[in-house]
Structure formats: structure tokens, C-alpha cells
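Engineer: Protein chains in written order, with the numbering used here: chain A, 1 to 309; chain B, 310 to 608; chain C, 609 to 1038.
For the record, the hints were derived by calculation from the structure and aren't laboratory data. As the structure is a prediction and not an experimental result, all values here were calculated from the model. Note that the Cβ used here is the ideal one computed from N, Cα and C, for glycine as well. Keep in mind that a hint or two might mislead.
What the hints assert, rightly or not - Per the computed footprint, the stretches of chain A lying under chain C, defined by three or more beta-carbons under 8 Å from a beta-carbon of chain C, are:
1) 130-143
2) 165-177
3) 227-238
What the hints assert, rightly or not - Taking lysine-lysine pairs in the BS3-like style, the calculated list, with each CA pair at most 27 Å apart, reads:
4) C:K773 x C:K755
5) C:K785 x C:K931
6) B:K433 x A:K23
7) A:K115 x B:K524
8) C:K796 x C:K954
9) C:K755 x C:K909
10) A:K20 x B:K524
11) C:K983 x C:K743
12) C:K743 x C:K772
As the list claims (entries may be wrong) - Between beta-carbon pairs, the in silico distance windows are:
13) A:E79 x B:Y512: 34 to 42 Å
14) A:R307 x B:F409: 42 to 50 Å
15) C:E677 x A:E79: 51 to 59 Å
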Amino acid sequence: MANAVTEAPRGAPPRGSAQKRRKRRNTLIGWSFILPNFVGFALFTLVPVIAAFALAFLEWDSYSAPEWVGLDNFAEMLEDENFRVALGNTLYYAAGHIPLTLMAALGLAIVLNGKLRGVGFFRTAAFFPYVTSLVAVAVVWRMLFNPTAGPVNQFLAAVGFSDLPTWLSSTDWAMPAVIVTSVWRDMGYYMVLYLAGLQSIPEEYYEAARMDGANAWHRFWHITLPSLRPTTFFVLVMLTIQSFKILDLIVVMTDGGPGRSTLVLAQLVYREGIVEGHFGYSSAIALVLFVIVLSVTVVQFRLNERRNR
Amino acid sequence: MTALRTAPEPTARPVGPPPATKPRERGSRFVRPVATYTALIVVAALVLVPFAWMVSSSLKRDNEVLTVPIQWIPEEFRWSNFVEIWDRIPLATYLGNSAFLALTITLLQLLTGSFAAYGFAKVKFPGRDALFVAYIATIAVPWQAYMVPQYIMMQNAGLTNTYWSIILLQAFGAFGVFLMRQYYTTIPDELCEAARMDGLTEYGIYWRIILPLSKPALASLALLTFVNTWNDYMGPFIYLTSNELWTVQLGIRSFVGQYDAEFAMIMTGAVVSVLPILVVFLLGQRYFIRGIATSGLKG
Amino acid sequence: MVTPNKHRGGGRPGRFRRALVALTAVALVTAGCGSGGEAAEESGPVTLTVSVWNLAATPEFQAVFDAFEKANPDVTVQPVDILAEDYPAKVTTMLAGGDTTDVITMKNVTDYSRYASRGQLADVTDLVKSKQDLKLAGLEAFDVEGKYFAMPYRNDYWVLYYNKKMFDAAGIAHPDKLTWDQYAEIAKKLTKGEGEQKVYGTYHHTWRSVVQAISAAQNDGDQITGDFEFFKDQYEMALDVQKAGATLDFGSAKQASYRTMFETEKTAMMPMGTWYVAGILKNKAEGKTAVDWGIAPMPQKPGASGVTTFGSPTAFAVNKNAKHTATAKKFVEFAAGLEGAKAITKVGVVPSLQSPEITQEYAALEGMPSDELAKTALAPDKTVLEMPVSEHTSDVDTILKEEHELIMVGEKSVEDGIASMRDRVKKVLD
């Protein structure tokens, strides 16, 4: 990263002590920027998170004194069928939700970035799924996915499909139905982030490209997409995190069913902790979830950095 | 991560003979917008269906809401629901509380988030990237996992059942820092360098150069933070016990009983609570217009 | 019945471990200390705090509070109103934080057993013993190895709601002590119409209890041992009714509201808990429904002698950290006793206390069906606890719910479903 602050003044190579002093100054300045947010963050988020991670190695019922159990909670996890099922489902959900939402959000943002008439209305409409009450979302999508009377299957039948899926009443099709609903719900949210990102691309790039005769596809591929990389990185990381943490939509739509076909990790964390009172085990699952997301994020970070070089 | 402005220039090479494309563009001048609008209207309809159901349900009796098959148009329009809800729950108080929390948290998040983001994006110091990863990483921990330890801390600090708990909890999240930092990386460092030459301090650069340039990002952060705090249910539910502190989301859920729920009232409440978001969104989205940010970069 | 949480032993703790445990303990344990203890008789005005769900929509709370305040003029009851949907989550969190609310309402027995085994509730065995002459339905569910930490004040059990008009129009006798086969047959007969006009013979809620708890109750089955063969007949009946289209299919039923089905006269019958009585009385009084309703005993298995159904109690408990332990105990005793029972009967809620006087008052409520059938329904011979309480209850409950769904949507045959219930539950019990 070509960072201006660290760059030595041209023509005057710094001596060791001066560099040290500058480094200290930068550290001070950097921290002074971060501190106001960091104090609140550290006290009310970081400390409880660390406490929760400590609990992963303890047995605690939320009332009595915690007891050290070492890696017992993790050993228990290896034998827990629910954990295996939930992990698989969570990965399945993420694999569907992340790319589809990313594409839908980007597509919406690009279409709605123009100077269309009524663009405000369409942007608002695209954002509405995110603010519509979850109960309404669940009821209407259940109706859309109804095996016999639902428009989804009626459409599929009309275009010639037979042997139609029963969607939310089927262990195979419940997760795809949930993914579709969640993409529909989240695309407007990430569209807002992309819209902001699109504003940072200087108009001159497009003018120059047009002058060179590049068509729309080329302009998208060679200007828009590369310029959006910091936004895409952000959206990708947030999407990954949110996908792995999915809970609310699943609870109202399927509650993990039918059977365990849509049971996800966050649901297990909630059930084992708040409901059952096995806070140690619940924290251990959360820690595993955290490590998975962290490793995915670090990979994304590395890739992003390499591309920028 | 560098600002990416160097990427596009070399790749935007001319493709195909320019004159050939001109007539086609003229021909599609009418077809294109029609196609675009048709597509947009179809998508908008699809996207608004559940919302339409929500509105329709808000005009029904409680026992007419969850019918099978769905009844789209109420037999009789009960506009009285929108009057009744103000009597049933102190809706004005709840709306006020929600507005207070959402505005305070959004403001704090914007201020501290964008401030910290400058430190992460434009000042280089040891440990910066590790700290940044720690910030992001905490977002990945499900709240359910640390809810109880957090509550115990708040209880010990005597902050439960006050707005402080919710504000302290949500105003300093990592989300805003991350969002703003990513946006700042798209602002060329040369701009900061030039300002430094002119004798501006880092704080001056943040306030005079960077902040005005990041209006679209600030707008999207404000929008998303506002919506998330406005719609948050679990946080206020756990921390706010006294009825006079409740937010509108808690008010809506107070129509859910042990074995049944008043669905029409729930939907009425949901419609009422969406209206402020609508206003905020319409105001905020105006900042997503090309040129607002880039105008500053031309110099 | 309830065994305290077993602690798993760790290895010999090293310095790091000890430090970690100590640190976490300091950070997390606030509740252990400062118990209210057996305070002497509180004097002077007392403000008693009671945790409740949905105060506005649950009138029995206010009814008990008013009665209690009237009987104890120096006590003011201050409800701590918590949303019904996530009541247990909030109570768990509050108690973990050392909350001092005096009385905690126990929404279900499973949660009760957790709070009790953690030692978060005060012992009220002496109260229960002193009230031994009273017949409290569901009291046995609160027995923790001979000790009691809560007293039930309300006990809901299941009856069969039916639409009198539909039965009369079809010329079918009202459902008096049906067998399940007769019930299924009548459900099919009463189903008519298509599409939006369709009226179903019956409505089965998607809760697993609709099939499982009733067959456990009527077959002396235990839903926690791992042997579930006794579910078989009931599942076959439920699937048969569903297949015939005489009830909503499971997927659609998931998003239907039972109140809508019954009050808009989309179903002729409906097995449901007595809690619905208060709701339907209210909606009838306000003119929100025109349904001509009746209640009958639940259908029985062939050859059954009396009426057997299932139910679940709700109770008040005293917080171990209560500020006013003595007054709190007084309240718990009052609510379970005759005066409390009378107060909640008035709002259409079935109290735990069973006496001819109460039954009479309940049957005499304005708008209550007063025929013989209703009287039999409201005096079941045997009410079995919906789900037995043990340390494994909620694990087993989750498994049974998951397998129930799979059977009802047709992903698994009854035999396969019951087999995997057995296999999975056995694993939990080991």
C-alpha cells in the first residue's frame, strides 16, 4: 500500500532515530483516531466476546461457578450429530446465499445508479424486502412455495416441468427455498453499499473509455468492476459473516425443519445456550463458527491484497 | 490496499470500429428504456408482494389474516385498526423512543466510525492491520453466544434497563469502521499528501478533505445503521424492561400472546413502523448520484 | 424427577486454567451471592415485583394481582412485563445477571426444572405441604426429588372444540365420547367445498402434542423412555385424515392460525387446549366471530373407560434473590389457593385448583356452552402431563418434533419415523 504518511520526504533519506520518532508519532495519531470507537467497542463487545470464548473451555449454567473442562466441549461436538448437520446446512446456505446475493445486489445497483426517471422509487422498492416484517415475509413466501396452489410451482408446471418439488415440506428443497427468500430479502441491503461504492468511480474513466469506443460490457468489466473492488471486498466479507450467522429468517420460515434439513449453527448456539443452559458447549460451537468465518475472511483479505499489488 | 484508480486506464482499450456502433445505439434509444422499465416494474412488483400482503392484513380482523389460501383483498377494509392501535399501546411513546435510539446510535456510529476508519486507512502504524482484523472478526461471533456475559457486565455497571445499555452496545460496532475504511481506500493518497504539503494536520485532512468526499458512504452507513437499530428487537427486548422505555418493535410484538397472536394489529404496527424508514431512505438515497463524490477528485 | 446438572470433571487444573476459571467466575458470577434468604415478616408497605408475559393480553395476571392487593392492602404488585414470544430467554438472562424480581412465573415445566436445578428458585416445599388438602392439578410436575420450588395456579388441558351449526346441518350427533376412528370418519363427512370455499372436517395444529402427547396419555406411554410404538395408531389416523383432505395438509397448517380456522368457520372440529376458551369468549362478546361453538371431551381409544386427556400447568415461583421473600411466598400461596383460583376463573382461565365450586363457576361463565357434553369435557377423569420432566426433556422434545415433521410431510413412513425417534432418543439417554 502506497501510504503517504510513512513515505519519507524525497531527497532526504531519514536516519534511524528520525524514523523511529515518526513511527511513534504515527502510532499516536493512528490511535487517537481509533480510540473513541475502540473504547466503546472494547468494553462492550470485545470483552464479552473474549469471555464467551473462555466459556468454550468451561462448563457453565449461567448461575453457578464455571468449571474447567478443557477440550471436552469440542470432543462432545465431534460426536454431536446436530452439530454435523447444522455445519453442513450452514455451509450449504452460505454457498448459495453469498454468490447469488452478491450478483443480485451488484446488478440492482448498476441498473439503479443511472439517471432513470423514478429511480428513487425503484431504489426504495428494492430496499423494502429488508424492512418488511419477517412474519409477512414468511407467510407470503410460504404461499409462493406452496406445492399445489403456489405460483412458483404453477409457473414451473406451465413451462413443462413435471414431478415438482414440494419446497418447504421437503428435506431436499427446503434449503433452496430459504436461500431464494434470503437473497430476495438481502439484495437491497447490499445494493445500498454498492450504490455508495459506485459514486467513487470518477466519471472521467467512463468518458475516456467511451471515447475509445468501449461498449457497455467492456466498461463494466474493465472500469466498474475493478474500481468497485474495495466495496466488493467489504460486501463479500459482510455477506460471509451474515450467511454463517443466519438465524432470524430460518426461525420464522422453517424453524430448522422439516426434520433438521434447515437447522443452522447459530440456531444451535441459541438452543444450547439460552434455551438449554449449556453455555460452555454453546460457546464452543460459536468459537468454531468464528474460526470458520475468520479463516474465510483471512483468505478473502489475502486475495484482495494480492490483486491490489 | 491501494486506491484502485490506476487499474482501469490501461485496460479500457478500444473495441471494434467505433462508427459501427453508432447507428445501433441510436436505434436502441427507445427500445432500451422500455425494456429497462418493464424489467424494473416486474422486479418491483415481485419485491413488493409481501409488503402488499402486510398492508392488506393491516386492514383485516385478527382472525382473517392467516387464511388458507391467502386472501389478498380484505372483505371489509378496517381502517379503524390504524386508530385502534394508538389506544391499545402507547405507540407515540414507542415511536419516539425508537427515533431517539436510532438517531443517537446512527450519529455516534457515523462520528466514531468514520474517525476510526481514517486511522485504519490513512495512517500507518504497527499493529494496525491485526487490530483491524480483530474488529471485523468480532462481527462474526453470533450475539447469542456472548449475550449473557454482556448482560452480566451491563448489570454490574448498573446500566440495564436504561438507554445507555443499547447505545453503548450498538454505537461502537465494527461495521461502520469497516465500511468507511473501505471507502477511504478508494480516495487517492495523493490527495492527503497534497494537503499535508499545504500544512494541514491529519485531523484537518480528515475533516476538510476526506469527510466531504465520503458523503455517499456516510449516507449508506447512516441509512443501514438507522434501519438496523430501528428494526432491532432482541437488543431492546433483553435490556429494556420498563414499559416506558420500549421501542416500537417491542410494541408490535406485544400483540403476540402465549398461544395466539393478534395478527392484524401486528401488521398495522409493522406498516406504521415502516413509514419513518421510508422517509429516511428517500432522503438518504439522494446522495447516491454520480458526481457527488468525484467532483472533489478532479483538482 | 429432576436431577441437578451433572458437572463433568476436568483434569488437574494448571495455573493458567485456574486463572482462567477464576477470571471468568469473577466476571460472570454475580447471582450466587446476596440471596434474599428467609427474611423476617416484612412490615410496612411492600412493592412486590412479579415477572409476567404480555400483561395486556393475558388478563388472568391482573385478576390475581387485584385479588391479592385487595386481600393485602399494604402490598402493591408491580408487574415486570415481558414479551411472551421470548419470555424464557429474557428470564434466563435476567436471572444470570442476579435480577431481584420477587416472583417469577414459570411458563412451562421444562424451564422450571432448569431454574430449579440451578438453584435459582427458593424452596416452597413448606407451602405445598401446608396446602396438602387442596387438589392442585399438575402439582406433581414440580416435584424435584421431594422438594418443590413453585406452585401451579393454572392448568390447561385439551378438549375438542366443535362447530354446532355444522354438525346440526349435516345431521350428525354432537361428538360425545368418540373413538378416534369415529372422529376421523366424521371429519371426512363434514369436509366439503373446494378452493377458497373449502370447509374442513377438523384442524390439526402442527404441534407434535396433537399426535404424540394424546397417544402417550391414552396408552400410558412415556415420551421419554425411547420406546414410541404407542404413537403408531394415532399417526395413522392423523395421516389418513390429512390424506383424505379432511384437515389442512401439514405444510399449509404451518401458516394457518387455529383461531382463524375455527372462528371463520373453516373447520368443524378442532382439538385444542382450554386456554382458547377465554379467547373465544372474548371474540364472541365483541362480535368478532359468529361461530356457534361447543366443547366435547377429546376422542378416546376404543374401549376406554373414562375421559383421558393431557395438559400442562403454569406456576409461580419465588426468586432466590427476591427482595421480599416472605411476601412473595404469600403471593404464590394465594394464587394457587381458592381465592386466586376464583379470580382467574372469572376471566375464563382454568385454575390448577380442582373443586366442585370452581368447576361450577367456570361452567356458569357468560357465553360458556352449558350442555352435558361441555360438562364432561371440563371434568376429565384423567389429565396426564403433556411431557414428563427430566434432565433430557428438551433434547427429547426437539428430536420428537423433528421426526414428527418428517412423518407428517410424508418424508418418512410411520415405522421409520418411530424407529429413528427411538434410535436418536436412546443416544441422548445414554
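Engineer: Run every hint past the structure and note whether it holds.
Structural biologist: A quick look at each hint next to the structure:
{"no.": "1", "hint": "130-143", "in the structure": "holds (count 4)"}
{"no.": "2", "hint": "165-177", "in the structure": "holds (count 5)"}
{"no.": "3", "hint": "227-238", "in the structure": "violated (count 0)"}
{"no.": "4", "hint": "C:K773 x C:K755", "in the structure": "49 Å, violated"}
{"no.": "5", "hint": "C:K785 x C:K931", "in the structure": "50 Å, violated"}
{"no.": "6", "hint": "B:K433 x A:K23", "in the structure": "8 Å, holds"}
{"no.": "7", "hint": "A:K115 x B:K524", "in the structure": "19 Å, holds"}
{"no.": "8", "hint": "C:K796 x C:K954", "in the structure": "37 Å, violated"}
{"no.": "9", "hint": "C:K755 x C:K909", "in the structure": "35 Å, violated"}
{"no.": "10", "hint": "A:K20 x B:K524", "in the structure": "36 Å, violated"}
{"no.": "11", "hint": "C:K983 x C:K743", "in the structure": "19 Å, holds"}
{"no.": "12", "hint": "C:K743 x C:K772", "in the structure": "33 Å, violated"}
{"no.": "13", "hint": "A:E79 x B:Y512: 34 to 42 Å", "in the structure": "56 Å, violated"}
{"no.": "14", "hint": "A:R307 x B:F409: 42 to 50 Å", "in the structure": "43 Å, holds"}
{"no.": "15", "hint": "C:E677 x A:E79: 51 to 59 Å", "in the structure": "53 Å, holds"}
The structure is inconsistent with the numbered hints 3, 4, 5, 8, 9, 10, 12, 13, although it conforms to all the rest.
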